[in-house]
Structures are given as C-alpha cells and as structure tokens.
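Participant: Starting from the known structure of chain Y, fit chain G onto it as the hints suggest.
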Amino acid sequence: MKIQTSTFNKIVLSILILGLLFVITIRPDTYLSSPAGADTLRTLNDFLTTLRSILIQSFPFLFIGVGISVLVGLFFKEEWILKFLPKNRFLSHMLISLFGVFMPVCECGNVPVARRLIMKGFSVSQSITFLLAAPIINPVTILTTYIAFKDIYPDPIIIISRVVGGFFIANFIGIVLSYKKNQFDMLTDSFYKEVCDPQDDHIKNKFAKALDIFQKEFITVASALIFGSIIASVTSIYFRDVVLSIGSSPTLSIVAMILFSLVISVCSSVDSFLVITYTSTFTVGSIVSYLLFGPMIDIKILTMLRSTFKTKTLITITVLVTLLSLLAGLLINYIL
Amino acid sequence: MKRIYGFLTIGIYAYWIIVAAFVQKTLSYYTTDSYYNLILGAAIASAIICTVGFIYEVYRNRRIIFKKQNLEIFGDRKFVLFIITIIVGFVFTPALLLSVAVVFIPFKNSKLDAYLNKNIVPAIFILTVVMSGLILPSQALSSNVAAQRADNLNSVTVNSSRTIADNFNTGSKNYNIGDWIASMSFNPDPNFYKGKDIEVIGFIFTSKVIDPNTQFFVGRFVIRCCAADATPVGLKVNYNWKDQFNEGDWVKITGKFAVTNKDGYEDLYIEPTNIEKTSIPEKPYIS
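Sequence lines, in order, name chains Y and G.
Quick note: the first sequence uses the numbering used here, first residue 2, plus one each step.
Quick note: the second sequence uses the numbering used here, first residue 94, plus one each step.
Simulated from the structure, these hints should not be mistaken for laboratory data.
Backbone N, C-alpha and C fix where the C-beta goes; we use that ideal spot for every residue, glycine too.
Heads up, a few of these hints could be off.
Claimed, not checked - Calculated from the model, a selection of chain G residues having no Cβ within reach of chain Y, i.e. all distances over 12 Å:
#, residue
1, VAL173
2, LEU191
3, ASP244
4, TYR268
5, ASN269
6, PRO283
7, GLY288
8, ASP304
9, LYS355
10, GLU375
Said to hold, decoys possible - With a straight-line Cα cutoff of 27 Å, these simulated DSS-like cross-link-like pairs (lysine-lysine) come out:
#, chain 1, residue 1, chain 2, residue 2
11, Y, LYS121, Y, LYS181
12, G, LYS345, Y, LYS194
13, G, LYS95, Y, LYS210
14, Y, LYS205, G, LYS95
Looking at chain Y on its own, in the form it has when it is part of the complex:
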C-alpha cells in the first residue's frame, strides 16, 4: 500500500460524502421495498457474502503460512542455503519448485513464506519459482485434481499435464529471471529496505521476535488479500458470464478459461471441482490451461504479490504464465 495517508483520507472522505448524498436523495426506505431495490440489496449481499467467504476461508491458510514464516524467521540459518542448495541454477530452481510438497497450503499462505525466504538469502528468482510451483505441486492439490477428474476423463491426462506443466512453467520463469543481473531490482522499495535492514534482527528475545514477525507479516498479507478479494468478488459476480461467453472453439475456449480463472480467484486446492462443471462445454486443453494458470495468477494473488514485487516484475510473470499455459492448452488440444 503505497498510497499517501492524506490522499487516501481524501478519497475515502469523498466516497463517503457521495454515498451519504446518494442515500439521502434516493430515499432508501421507499427504494429498497420496490422490486428493483430488493434486487440491488440481494446483489449487494451476494457481493458481501462472496468477499467474506474468501476472507474466512483463507484465514487458516494465511495463519499456517505466517506460522511457517515465523519458524523460518526464527530457526532458518543462512548458511544452509550455501550448504544444501545446488550451485547450478537449473538444479537449484528444480529443487525449490518441489518445496510445496511440505507445505500443503493455498497460494495465499505461500506469500509470507516467500517473503521470509528472500529475507533469508534466497534469490528473488528462486522465490518466484517457489511461489509459482508450490500451489500446484503439493499433495492436497494433486489429490483433489485426481478425485475431481477420475470419473470424467479415464486416462490421467489432466493430472499429468497439470503437474508436469506446472513444474515446467515455474522452473522456466524462475530460470529466465535468474539471468537478471540485479535481482533486488524486482522488489518494491519498501520490501527491499526491509531485506537490507530487517527490523526484527534487532530483537534479541525470541518470543518478542516471533510475535513481531507474526503481526507484521499477517497485516501486510491480509490487507493485500482483502484488497484483492474485494476486486475478485466484484468481478466474480459481474464478469463471470461475460468471460465464459467468449467462446468454446479450441483457441477461444482457452482464452475464456484463462480469463475465468483470473476473474474468480478460487484456491488451487479446490479449483478442479469448480471446473468440472464446464467440462461438457469446454475443450480439454482449455481445462488444462485453467488448471495451470489459476493457481499461479489471479487477482487476489497479484495484489498480494504487489506487497513484495514491483508491478513491472508482476507483468513479466503474468505475461509469461499466460503464454505458457496458453501453449500447454493448445498443445493438448492439438494432440487429442
């Protein structure tokens, strides 16, 4: 959140005054009892329910993610990276993309962990590989994908292309970015400042340090999560159908499904259950694109990552993920 407090105050103030004027002029009691008013109220309620359900559902994953981040902050020794991580950039990225196996949390829980890993000396490209791979290559996601599709497609094409494709995309992007000379250039200024001079290093008391990391990471990630879920719940209520009506031809269906996953922002562990509703109308390739793109990029995740990475970095990642998952979908459609 880089908004200046005073500007932010002015924006909120003007919105509130406009809202109050609106409420006074349209006479809420008469309007709300009319059919159109009841409809508006229902839509407002649906928006709030969707938003709150995302906030409640991601709370435990956020908690686990922040908890792991506290553990990493307290006990992870920086020498371990030199000791255990391969020097070769290909091998190191591949090893990191498998970290998700030990962290069966949703993508929102991965953000605080990745932040802490950067502070502990992982390179930025390595943490990006971790962020992209962990939501797909973890036991919960693999299991739910298997359960969701086992009756629909008898051969395991979906689950294999999801795991292999996710592994490939995450490593490809990480390795490409690792050739960038100044890795810290990808981080936001405020986070870079924190990496250079971690405030909690001055706290010697372990108990106080754990509390401090918990509080700081939680606030940073939760405020970004809330901001993202507000946008996500508006789009998932209003633009869901628009996106799905783009088309179901081999190419257009892929575009539609990628936009769909961008718009709805559902956790990676359950997105396969959601998409089986569309298996009858959309191509297999588009389903694979959705399953690859969804866990890596959506509105919620982008706003959360904005607390750590510069917008330029996020655009690069998004474009690459989009192109690669599009390619994977086209490939599957071509083969079948």
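Facilitator: What follows is chain G alone, placed relative to chain Y:
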C-alpha cells in the same frame, strides 16, 4: 506502538470469525462443514496469540502509552464525536457511516489525527472490512447468483451421503435436492423418476431456459470450499407461482415427478401438490 495496532487488527479479524461461528451462526453461509474445525482452530489460535502480543506490547510500552499528554485523547473532540456516533450506531445503524466519516475528516489540533497520520492505513483498511462483518452479518448467497450461473445447471457432482441408487421405493422419501441430483448423474433417464414422490426444501430461481411464468427451479447451492465457488443445482417445477411467491423465497415442495415430451426429448419436472414458504435452513448449502 505500531505493533499494538497490528495485534488489535488481527485480533478483531479472528474475533469476527469466532463471532460468526458462535454468535451470528453465519459461518455456514460462507464455508463448508469440512473446513469448520480448521478455520475455528486458526481463529482461536490467532486470537490467543494477538491477546498475548497485545498485552505484552502494552506492558513493554507502558511508559509511553500512559504518559499524561497521551491520556488527553479522551478529551479530544474528534474522539468524543467518534464514540458518540458509535453508540448511536448501535441503535440506529446508518450512524455508523458517520462514525467512519469522522475517522477520515481532519480536525483542527486533534490528538487522534496525530495518531491516525502514522502509517496504519493497512490496519484501518482491514478493520473497516472486518467490522462491517461484525455489524452487518450477510445472508446466504441469493437467487440472483443462481439465475446467473444456471446455464450449466446440474452438471456438478454432489457428495451425496446416500449410497446412490439404493432402494428408491422406500429410500427416496427424505432425499434432499443434492441426493436427487446425485442419483440423476448416476441414472439420467427421466422415465426412471416418473411418478416418484418428492419432498424438498430449496429457494426459487428462474433462468433463460424456462418460462418464468409457469415454471421455476427449486434449488440449492453446491459449494466445495467457500461461497466463492458456489454452483447452483435445481429441479424444475411447473406451477403458476408469480402471484404467491417471489424469486429467492425458501419453499418446501411436496409433489411427484412427471415427464413431458418437448421437441423430441423428455423433460423431467415436478408436479407439486403443496408448496409452502419456510425459513432458510441452518445449513443453506450442500456439498
């Protein structure tokens, strides 16, 4: 000092979830049974951590906080106005809008503004959203969403508790909509259901594919994880419902399945014998 705001904010976030579960009893509007324990566990654990952290920080900073000029905040005009609007808000809800407005209106020489100008925007942002959940709890997803997503109706699989295709003659008496949808995905032949008794509870919604004057769907939402992934399921009912019911009403329907032949394909619907309004069930979604 900033940490105190942090603990307070996360604490209220967690407290909201606990209140939604035990006081408002609205947790089932947001999520499924299988996540209850995980969510509540995380919320209670965070609430405890935040309480400990809050007390610890207040104790550590007691010299700074309880200084005399800091206590002058209680005489501050902005603070007093804020508290008054909050108290009025408990009786007359729109006044809470005013209390939010008060926070953002800059006052002359206000002690509170001096605090607010510190960078606690993220914390205030979280608090605004979470407090709205405490003050105005929301209802379950409405028929609007169902109507919007009805294009792919019933193509979702349901985890039915019944063993599918068990003895229909004795067993289908207390099937809910989810059980019917589950058995229909197992055996989609409409004639198999013809003449079977049905008694279900659901809400009314319509869509483009049916005639909204003589037909409606009685439906429920299927959710896997949270309300964001809700997908409607529904059974068609033939009835002139417009003058008795509104879209979104929860109804209990008793009747029989019937089949018509429309444009060469067989169309299954419910021929109701009785429709009565009911209140929303404790668990509005099925999974």
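Participant: It remains to establish, for every hint, whether it holds in the given structure.
Facilitator: The hints, checked one at a time:
1. VAL173: holds, 20 Å
2. LEU191: violated, 8 Å
3. ASP244: violated, 8 Å
4. TYR268: holds, 21 Å
5. ASN269: The claim stands: ASN269/G keeps its Cβ more than 12 Å from every Cβ of chain Y (closest is about 19 Å).
6. PRO283: holds, 18 Å
7. GLY288: holds, 28 Å
8. ASP304: Holds, because the least Cβ-Cβ distance between ASP304/G and chain Y comes to about 19 Å, which exceeds 12 Å.
9. LYS355: Answer for LYS355/G: holds, closest chain Y Cβ roughly 20 Å.
10. GLU375: holds, 16 Å
11. LYS121/Y / LYS181/Y: Measuring from Cα to Cα gives roughly 20 Å; hence the hint holds.
12. LYS345/G / LYS194/Y: violated, 61 Å
13. LYS95/G / LYS210/Y: Answer holds: LYS95/G to LYS210/Y is near 14 Å, not above 27 Å.
14. LYS205/Y / LYS95/G: holds, 19 Å
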